[in-house]
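*Asks:* As a plain string of letters, each chain reads:
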Amino acid sequence: MASSTNDAAAIAAQQIDIDETINRLRSKKGVESVTVLTKDGRVIRTTASPEHSEVQGKLLSRLVRDAAEIVKELESQDELSFMRIRTKRHEIMLALDHNYLLVIVQSPQKE
Amino acid sequence: MDHRKEELEKKRAKLAELRRQREERKRVTMQAHDQPPAASLKANSQDIDDLVDSLVGDRVRSPASPLSTGAPGMSREASGMGRDRSISVATSAGTQLGSPVSRAMTPAGTMASAISGTSLGPRALPEFKTCDFVVFDFPPKEKVVYNKEVQTADGGSMPDASSLLSEEEIERRVRELREADERARAAREEERTRREAEAKARESEIKRLTDEQRASILESSDFVAFVDQKSRVMERALDEDYDFMVDYTLCATHEAEESGGEKMKLALSFHDDKVSRNRSVMDLAWSSRFPELVAAAYNRNPMAPNEPDGIVAVWNTHLRERPEFVFHAPSDVLRVSFSDFNPNIVVGGAYSGQILLWDTRAKAQPVLKTPLTAGGHTHPIYSLKVVGSTNAHQLISASTDGLVCSWQLDMLAQPQEIIELTHPAHLRTDEVSVTCMDFADNETTAFIVGTAEGAAYQVNRYDRAGSKAGLNAFDSYRAHTAPVNSLSFHPPIASDFADLFLTTSSDWTTRLWRARPAAKPASTMPSDIRPLHVFDAFEDYVYDARWSPVHPAVFASADGTGRLALWNLNQDMELPVQWITSGRALNKLAWDRPGRRIAAGGADGVVSVYDVGDLSVPRPEDHALFARTISELGA
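Protein chains in written order, with full-length UniProt numbering: chain S, 1 to 111; chain F, 1 to 635.
Hint data in this document are derived by calculation from the structure and do not stem from the laboratory. Worth double-checking, as some hints may not be accurate.
[As the list claims (entries may be wrong)] Label pairs and their in silico Cβ distance ranges:
hint	chain 1	residue 1	chain 2	residue 2	range
1	F	G388	S	R65	45 to 55 angstroms
2	S	R65	F	M245	20 to 30 angstroms
3	S	R65	F	V246	24 to 34 angstroms
4	F	S288	S	E75	24 to 34 angstroms
5	S	R84	F	D211	40 to 50 angstroms
6	S	A8	F	S288	39 to 49 angstroms
7	S	R84	F	A197	25 to 35 angstroms
8	F	H318	S	E75	20 to 30 angstroms
9	S	A9	F	V246	46 to 56 angstroms
[Unchecked claim] One side only, chain S facing chain F, incomplete, derived with CB under 8 angstroms:
hint	residue
10	L80
11	F82
12	R86
13	R89
14	I104
[To be verified] A short list of chain F residues far from chain S (calculated; beta carbon distances all over 12 angstroms):
hint	residue
15	V134
16	A187
17	L218
18	D222
19	A225
20	R232
21	R320
22	R322
23	H393
24	T561
25	A603
26	V617
Just so we're clear, the structure is a prediction, and the values are computed from it rather than from any experiment. Even for Gly, the Cβ is constructed at its ideal location relative to N, Cα and C.
This is chain F alone, in the form it adopts within the complex:
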């Protein structure tokens, strides 16, 4: 007993000694760096573990140790993957923990024995069986397991190691980290400034294009489009005459330009050699949506057979030297019109009998055209008119063979309806050669046509009570002795004048008419209707006359001498109140929507825009005055 006690005592002392040593070591390591203690600790525990392992290994290797198969999981896995039929024996000795050896025994069902040195996995009774397995090098997994053991051993001592870090130590480390951070940031900053400086240097050096680069840019279509588009923008900006920076306090010499006034004067003229050389203006039309756009139709250029025969140019009053759009046509364009209901659409009537439809969003070629078949027009179209409302509008066209068609603008393949105008009393043929037509305001079913024989007739599109569809041959507005060149109804200013219309003719006159009410049944006897008034102060063919869209008594006329005349029936019934002579035959004129400007074009292909000034601004009494004038004429 005593002996045993003594032994216990000794062991206790030894333990105490060990503990003390351990404490001391810890203190020492603590004062030193933090890494070394962990490392030494690690090494320390590794030593111990090595020792334990070797001891255990010894024990396992003792004769009494049972045989054990390798890790069962492994053999299962092997059999699952099996390609090679063989028996496996995994031998692993305790001393060879790092790399267990899998060794394939010879096949043919020999018994296998496995000696397992580790205490890994459950210790199972040796059980031998044949199985499929694949020989493969097993990575040194054991090492990982081993490291885990170290970690658990370490884990216990880590917390107190860190908790034992002194305040200064922490501070120092934080400081160190912060300094490192600072240094990194400074480096980054430096790098950035350097890069910026480089970029700046790069920027300040002048970049040049090589000749090839320039050539390829000049050829690229997007560059061409860019120049085309942006130069238009620039031109519009440059053509703006008003200097918005003008300082009126400084510019004493700045001449105040007389604006408006009682004089008609030329504002601008459009001409582009590429478009209008050797061509004449056949028709003019202002856009209803964009008041600055005016479309001009041109006939063929006999000197340039390669150019398209017909051209429509859309001019912009803010872009003076070239058209905003140019549209091509396979034949002379005789009539042009903007669609009131779709601002992108321009409609044209051609000499060939085709109706062409262009879209400002598309290219120069028409997006739609009517076929040249017996179903539609085959003669020149001198009359076009879009009638109806936004949701239900139609294009009415008339050709010189007396055919009147109505079309849906989005379907030009065939006309919706066809009316053939005939006059039974004509001598050789009953055809009626329509040269112009117009609808009274708000009227969509009845209209008046002017003919090459000099008479004007009323036409009904549909059968009505008492009157048939087609030409009303009994009521003829017969007075002109030469072809009627234009026919223009009074604009929708006041309903009491809606039945007035003007005709111009090659007989050097313009006539004012009052239309027979369309609703009234047609006469059964031929009856000539007399004009209200004849304007004969002309010395050439009168090609066009148009009412002012705002002043009830004002109209403008254009004639073969090139005189653009402005008439005010309230002031003078015999002579125009103003005129401008350009010296070239004028073919067409068109008022812009506000009634401030007139565009006129003629034989030389130039479209001139005239400022009318206050001449067509109606005074309050003009309405009543005109009503009296008309009633006097009718009487």
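Just chain S, same shape as in the assembly:
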């Protein structure tokens, strides 16, 4: 019983940690949104509007999947781990592992 409450406390602490981390990233200069998704594009946490994040997740997960396939095909031992997409107005940075996807949109015109 005691251990389960400890676990619960630890989990709660983890949650706070995760939220803190996300907020810290969000508060960085130039960062517009921070979103954590599952690999298939389901939103876990986001600082942007849910609707926008869902669309973003849908589209980016497709892109990431294709990119991962390309990387695998180019060299079967290799693996995609990070992507930076530079557009005229934004920069999208994607970090991923087997299950999750971290997306940060920033405007590179830092003042």
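Place chain F on chain S using the hints.
*Replies:* Chain F only, in chain S's frame:
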């Protein structure tokens, strides 16, 4: 004779007629479908065979026919499997070819008789004997045999049947097959496009997590690890100030930041409430392998008894808001050092007297620590140094009770050697309270310790010609009137300065010394060695002074007023050339390896990294100039 001839003639005619009919039939069937002829042929030959069989059967059933046992193989098999002792009689009549009947006669050794109607198997003389056998239903095997007969009959006529297929017929069939193929392919194609469309539809619809799913993901340890790890990557990427997409032709307003220059300035400062709140920086060390990593040791946080007493945080200059690694210690960490020979290892000396060893690949707890027994240190360790080479290096530690131990880094259970430093001339106790120590470059057996009484002494680790192991009490670098806070040998830039060292003290001074050659036999009479120079432009305790790793004449000092001062002995012997005051007491400073940055930390727990700019870049003439300066001082 004639009669016979006539008969022959008739038969011949009949045969011809038959042949003709056959030909005609063939032609007819050929023009029709290909299946029917074969079938009719089959039927035809079946008829004939039936006829033959019935005839043969009749013949067999004639009174003259001999009795024959069933297939001998069968009875053998039966006896082999025998469970039931009985006599078997297999009766099979020609008319019952399809299903031979095995009938068990009553046991008790009655004679058995078998009537075999078929001509199957070798015809053997009837031979009766008792045997074991099992009653079982014999599958209609005969049918198979029968079919074979049909096939042989068919085989003869098949080739010409196929060869007789007309060209158009073949073409038609090929076409048919091709069409069928085409249809199948089209169907497949359709199916695939349909499935793709479905997948696309599925894809385009937005997927959402249910609350439970989200909760379980948020709790999963791999998700926590993912956020932790990848957010670091992101932060490093975000902290990169340079915009590599910058277009210099467009950004006319882009201000060129003054870089380097002749000014020392604050580059960044590390502070994390979770790590350094209410703590002071006790020591700083740059990693030799990763020039962007700096380790900071912290003392205890008196406000948080539940947190670990000692903490070591490894900060990354590319990751500004939180440490790359945090290590815990059961006691205040007073000294920290990266192992030069293993970039993953961080060594710390604790207030409790323990030496702790952390691995960046492991968790926060130390992977190795020394025991708190009389075999090792039991007093605070203010001095740690890894000496030696890649393959043979040792950790030398000194505690405030005058105990110096050397350790093998992978075996901290007990020290390799122990030297107890004693000074016989001390008043109450002969203990020597070591507050700092340093080895000259390339020297591993002799070093100098600074003590709480204010003097510095040379220590030999081993007996040498003319000098014993332990503290050399005769040669004392006695000048400070308060505890020596730090001792720093000149870095390995040039061998002619390798014997210079700096001490800082709570008596508000820093002193420059030239060490007595270690190889020279120790004096037999007590002799005080005078410092080469005294720097007294301080208004508080001087806690630390470190030589620049690249410029022979430059060193930096940190004092209790929070002033980080940069000295260039070639320019000024009395005053620092540059200083920055932060308003909080500075405890430690550390140059990074290229000599471009200084990390300084103090009472408020903040680690500040200063850009030194070009101040510590040596000019070609600096070397000779410094040699002259030193010789002037010595004179």
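*Asks:* Indicate whether the distance between the beta carbons of H318 (chain F) and E75 (chain S) respects the range 20 to 30 angstroms.
*Replies:* holds (27 angstroms)
*Asks:* Are all C-beta atoms of chain S more than 12 angstroms from that of A187 (chain F)?
*Replies:* holds (28 angstroms)
*Asks:* Would the least Cβ to Cβ distance between V134 (chain F) and chain S come out above 12 angstroms?
*Replies:* Consistent with the label, V134 (chain F) stays out of reach of chain S, its closest Cβ about 60 angstroms off (over 12 angstroms).
*Asks:* Between the beta carbons of G388 (chain F) and R65 (chain S), is the distance compatible with 45 to 55 angstroms?
*Replies:* Cβ of G388 (chain F) to Cβ of R65 (chain S): about 52 angstroms, so the range 45 to 55 angstroms holds.
*Asks:* Holds or violated: F82 (chain S) as interface residue toward chain F, Cβ cutoff 8 angstroms?
*Replies:* holds (7 angstroms)
*Asks:* According to the definition I'm using, a residue is off the interface if its beta carbon is farther than 12 angstroms from all beta carbons of the partner; does A225 (chain F) meet that for chain S?
*Replies:* It is violated; A225 (chain F) is separated from chain S by about 9 angstroms at its closest Cβ, not greater than 12 angstroms.
*Asks:* Looking only at beta-carbon atoms, does the pair R84 (chain S), D211 (chain F) fall within the given range of 40 to 50 angstroms?
*Replies:* Hint violated: Cβ distance 32 angstroms, outside 40 to 50 angstroms.
*Asks:* Against chain S, does R232 (chain F) hold up as non-interface, every C-beta pair farther apart than 12 angstroms?
*Replies:* violated (9 angstroms)
*Asks:* Holds or violated: is the Cβ of L218 (chain F) farther than 12 angstroms from all Cβ atoms of chain S?
*Replies:* Since the minimum Cβ distance to chain S is about 6 angstroms, L218 (chain F) lies within 12 angstroms and the statement is violated.
*Asks:* Holds or violated: is the Cβ of I104 (chain S) closer than 8 angstroms to a Cβ in chain F?
*Replies:* holds (5 angstroms)
*Asks:* When the nearest CB of chain F is found for R86 (chain S), is that gap smaller than 8 angstroms?
*Replies:* With a closest approach of 6 angstroms, the R86 (chain S) hint holds.
*Asks:* Does H393 (chain F) sit more than 12 angstroms from chain S, CB to CB?
*Replies:* holds (35 angstroms)
The structure does not agree with the numbered hints 5, 10, 13, 17, 18, 19, 20, 21 and 22 stated previously, though it agrees with the rest.
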